[in-house]
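Given the coordinates of chain A, assemble chain B onto it according to the supplied hints.
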Amino acid sequence: MVMKVSTDWSLGDHWGMIRSRISAYRMKYAVMPGLYTAGEPNKDSDVFVSANYKLSFDVLRRGLKGLNAWILVLDTKSINVWCAAGKGTFGTDELVRRIAEVHLGTVVNHRRIIVPQLGAVGVSASAVQKRAGFHVYFGPVDARDIAAYVQAGYKKTKEMSTIKFSMLDRLVLTPMEMNPITKKYLWFAAGILLLFGLQPSGILFEKAWAGGAPFLLLGLVSVLAGAFITPVLLPFVPCRSFAIKGWLVGMLSVLLAVQVFSLVDRHNMIMLAATYLFFPAVSSYIALQFTGSTTFTGMSGVKKELKIGIPLYAITACISLLLMVLFKLREWGFV
Amino acid sequence: MKYLANVSTLVYSPDKCTGCGRCDEVCPQGVFEMRDKKAVVTDRDLCMECGACSMNCDFGAITVNSGVGCATAIINGMITGGAPSCDCGVGGNGCCG
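First to last, the protein sequences are chains A and B.
Under numbering that gives the first Met the number 0, the residue at position 166 of the first sequence is numbered 165, and the numbers go up by one with no gaps.
Under numbering that gives the first Met the number 0, the residue at position 35 of the second sequence is numbered 34, and the numbers go up by one with no gaps.
A few of these clues could be false.
[Said to hold, decoys possible] Straight-line Cα separation of at most 20 Å, DMTMM-like style, residue types lysine to aspartate or glutamate; simulated pairs:
hint, chain 1, residue 1, chain 2, residue 2
1, B, Lys-1, A, Glu-158
2, A, Lys-154, A, Asp-144
3, B, Lys-1, A, Asp-168
4, A, Lys-327, A, Asp-264
5, A, Lys-155, B, Asp-23
6, B, Lys-15, B, Asp-57
7, A, Lys-154, B, Glu-32
8, A, Lys-64, A, Glu-39
9, A, Lys-129, A, Asp-92
10, A, Lys-163, B, Glu-32
11, A, Lys-157, B, Asp-44
12, A, Lys-303, B, Asp-44
13, A, Lys-3, A, Glu-39
14, B, Lys-1, B, Glu-32
15, A, Lys-64, A, Asp-141
16, A, Lys-206, A, Asp-264
17, A, Lys-154, B, Asp-23
18, A, Lys-302, B, Asp-44
19, A, Lys-163, B, Asp-42
20, A, Lys-64, A, Asp-7
21, A, Lys-206, A, Glu-330
22, A, Lys-86, A, Asp-74
23, A, Lys-327, A, Glu-205
24, A, Lys-157, B, Asp-35
25, A, Lys-163, A, Asp-141
26, A, Lys-27, A, Asp-74
27, B, Lys-36, B, Asp-23
28, A, Lys-155, B, Glu-32
29, B, Lys-1, B, Asp-42
30, A, Lys-157, B, Glu-32
31, B, Lys-1, B, Asp-44
32, A, Lys-154, B, Asp-35
33, A, Lys-129, B, Asp-57
34, A, Lys-155, B, Asp-35
35, A, Lys-163, B, Asp-23
36, A, Lys-64, A, Asp-144
37, A, Lys-163, B, Asp-44
38, A, Lys-157, B, Asp-42
39, A, Lys-3, A, Asp-43
40, A, Lys-157, B, Asp-23
In short, the hints are calculated from the structure, not lab data.
Next comes chain A alone, as it looks inside the complex (with noise of 0.2 Å):
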């Protein structure tokens, strides 16, 4: 069965790319693999390979204006096509497994099949030839510079074969940085609350709204400094590490927060040592899991970061968690 597709999105189709940008809704975004159609395709006509998650077909169809040509959709469990490579889903066995599906070889006259150049990851171009007997072209990074990359006669500039990270990039991507710990967030409330509230006869209420507020701001602001401000400021922030990146914007922040708004008493300098190696400790860890979103970060960068890193981040939790709890004895006459 071939099915039919626009090359216009429509309000539903920009409405799904916001749900899938801002939450888990991304993992059931999905279309049905198989064969679909974009204009009026011939048997001459490309063949432009996608995956199932709609958000990668919509902006491949997208990119398909104005021509006629076969969308082949593999099956990807809902995941983009570059992520999908690296784990294998969208991969050479899976092409030729739905190339021969869709009896492709008698839908079409000629043997290319154009796949895009993000999933070459997990597409042999040689054993797809052996096993399917079609040659691969491996497109664009973008689908917007399909029609070019056609017109060129099949040729990509290197700005065509080039991954951009823009600051726009970065900014659709920190919704997703962001979610994921709020509910880590509440965690963190409820415990500062407890910390503060806490007295030799109970939970005083009202001792913990006070003495806690400042904290859950700088809770805040060490986020939006790891989650939002270091990714969109991302290269004018000093250092290639993102753990340096994320703790140099934490601090920053933090001591903007508490300067502006004297967040912290200061006198209190078991207080002011927390806060400056607590938080910006946090804004660092944040940052550093940005780089699972970025297009230029490897494995062997982020391993060292994190064998350099964790211990550092384990070794301040420690020491903040003492010196609340000297504080608490301060506060109550112990010490």
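What follows is chain B alone, placed relative to chain A:
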């Protein structure tokens, strides 16, 4: 944008290169360039170890220890004792989209 210097596991053996140009065609970071019908490495620090080049080099001229450059995935792998995993499959946390 470049990540940490001197960490990439990319190894290229020019003597095995036949000049087919697949590495240049698939690398999204512009690590390879074709000069005089041979591939040359422009800047190893640009390599993000995705593995597209070694996957598509039929002559064994490129090896790279490929994997995901994602802290969450690597920490997941440390906790479970397995390979780095984004756990994006069924019941995953939705990191990949």
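The hints, checked one at a time:
A C-alpha spacing of about 17 Å is found between Lys-1(B) and Glu-158(A), which places the hinted pair at or below 20 Å, so the restraint holds. Distance check on the hinted pair: Lys-154(A) and Asp-144(A) sit about 11 Å apart at the alpha-carbon level, within 20 Å; holds. Between Lys-1(B) and Asp-168(A) the alpha-carbon distance is near 16 Å, which keeps this suggested pair within the 20 Å criterion. Straight-line distance between C-alpha atoms of Lys-327(A) and Asp-264(A) comes to about 15 Å, which keeps the hinted pair within the 20 Å bound.
Distance restraint check for Lys-155(A) and Asp-23(B): the Cα-Cα separation of roughly 10 Å lies within the 20 Å cut-off, and the hinted pair is therefore satisfied. Among the hinted pairs, Lys-15(B) with Asp-57(B) is consistent with the structure: their alpha-carbon atoms are about 10 Å apart, no more than 20 Å. In summary, the hint linking Lys-154(A) to Glu-32(B) is supported, as the alpha carbons are separated by about 15 Å, within the 20 Å threshold. Restraint check for Lys-64(A) and Glu-39(A): the C-alpha separation of about 11 Å stays at or below 20 Å, so the hint holds.
Under the criterion of a C-alpha separation no larger than 20 Å, the hint pairing Lys-129(A) with Asp-92(A) is consistent with the structure, at around 12 Å. The straight-line distance between the Cα atoms of Lys-163(A) and Glu-32(B) is roughly 18 Å, inside the 20 Å bound, and the hint therefore holds. Between Lys-157(A) and Asp-44(B) the alpha-carbon distance is near 18 Å, which keeps this suggested pair within the 20 Å criterion. Annotation: proposed proximity of Lys-303(A) to Asp-44(B) holds, straight-line Cα distance about 14 Å (limit 20 Å).
With a C-alpha separation of about 9 Å, the suggested pair Lys-3(A) and Glu-39(A) falls inside the 20 Å cut-off, and the hint holds. As the CA atoms of Lys-1(B) and Glu-32(B) are separated by approximately 18 Å, the hinted pair is consistent with the 20 Å bound. Between the alpha carbons of Lys-64(A) and Asp-141(A) the distance comes to roughly 14 Å, so the proposed pair stays at or under 20 Å and holds. Among the hinted pairs, Lys-206(A) with Asp-264(A) is consistent with the structure: their alpha-carbon atoms are about 15 Å apart, no more than 20 Å.
For the proposed pair Lys-154(A) and Asp-23(B), the alpha carbon gap of about 12 Å is at most 20 Å, so the pair holds. Between the alpha carbons of Lys-302(A) and Asp-44(B) the distance comes to roughly 15 Å, so the proposed pair stays at or under 20 Å and holds. The hinted pair formed by Lys-163(A) and Asp-42(B) meets the criterion: a straight-line CA distance of about 17 Å does not exceed 20 Å. About 7 Å separates the Cα atoms of Lys-64(A) and Asp-7(A), which keeps this hinted pair within 20 Å; it holds.
Distance restraint check for Lys-206(A) and Glu-330(A): the Cα-Cα separation of roughly 12 Å lies within the 20 Å cut-off, and the hinted pair is therefore satisfied. Between Lys-86(A) and Asp-74(A) the alpha-carbon distance is near 13 Å, which keeps this suggested pair within the 20 Å criterion. At most 20 Å may separate the alpha-carbon atoms for a hinted pair to count; Lys-327(A) and Glu-205(A) meet this at roughly 16 Å. The hinted pair formed by Lys-157(A) and Asp-35(B) meets the criterion: a straight-line CA distance of about 17 Å does not exceed 20 Å.
Straight-line distance between C-alpha atoms of Lys-163(A) and Asp-141(A) comes to about 9 Å, which keeps the hinted pair within the 20 Å bound. The straight-line distance between the Cα atoms of Lys-27(A) and Asp-74(A) is roughly 13 Å, inside the 20 Å bound, and the hint therefore holds. A hinted pair counts as satisfied when its Cα atoms are at most 20 Å apart, and Lys-36(B) with Asp-23(B) qualifies at roughly 12 Å. A hinted pair counts as satisfied when its Cα atoms are at most 20 Å apart, and Lys-155(A) with Glu-32(B) qualifies at roughly 13 Å.
A distance of roughly 10 Å separates the Cα atoms of Lys-1(B) and Asp-42(B); the hinted pair therefore holds under the 20 Å criterion. Straight-line distance between C-alpha atoms of Lys-157(A) and Glu-32(B) comes to about 10 Å, which keeps the hinted pair within the 20 Å bound. Between Lys-1(B) and Asp-44(B) the CA atoms are separated by roughly 7 Å; this keeps the pair inside 20 Å, and the hint holds. For the given pair, Lys-154(A) sits about 19 Å from Asp-35(B) by alpha-carbon distance, which is consistent with the 20 Å threshold.
Between Lys-129(A) and Asp-57(B) the CA atoms are separated by roughly 12 Å; this keeps the pair inside 20 Å, and the hint holds. Annotation: proposed proximity of Lys-155(A) to Asp-35(B) holds, straight-line Cα distance about 19 Å (limit 20 Å). Taking the CA atoms of Lys-163(A) and Asp-23(B), the gap is near 16 Å; set against the 20 Å cutoff, the hint holds. Taken as a hint, the Lys-64(A) and Asp-144(A) pair is honoured in the structure, with Cα atoms around 11 Å apart against an allowance of 20 Å.
For the hint linking Lys-163(A) to Asp-44(B), the alpha-carbon distance of about 16 Å falls within 20 Å, and the restraint holds. Proximity of Lys-157(A) to Asp-42(B) is assessed by CA-CA distance (about 15 Å); at most 20 Å being required, the pair is judged to hold. Between the alpha carbons of Lys-3(A) and Asp-43(A) the distance comes to roughly 17 Å, so the proposed pair stays at or under 20 Å and holds. Only pairs whose Cα atoms come within 20 Å are accepted, and Lys-157(A) paired with Asp-23(B) is accepted, the gap being roughly 9 Å.
Hint check: no violations occur; every hint is consistent with the structure.
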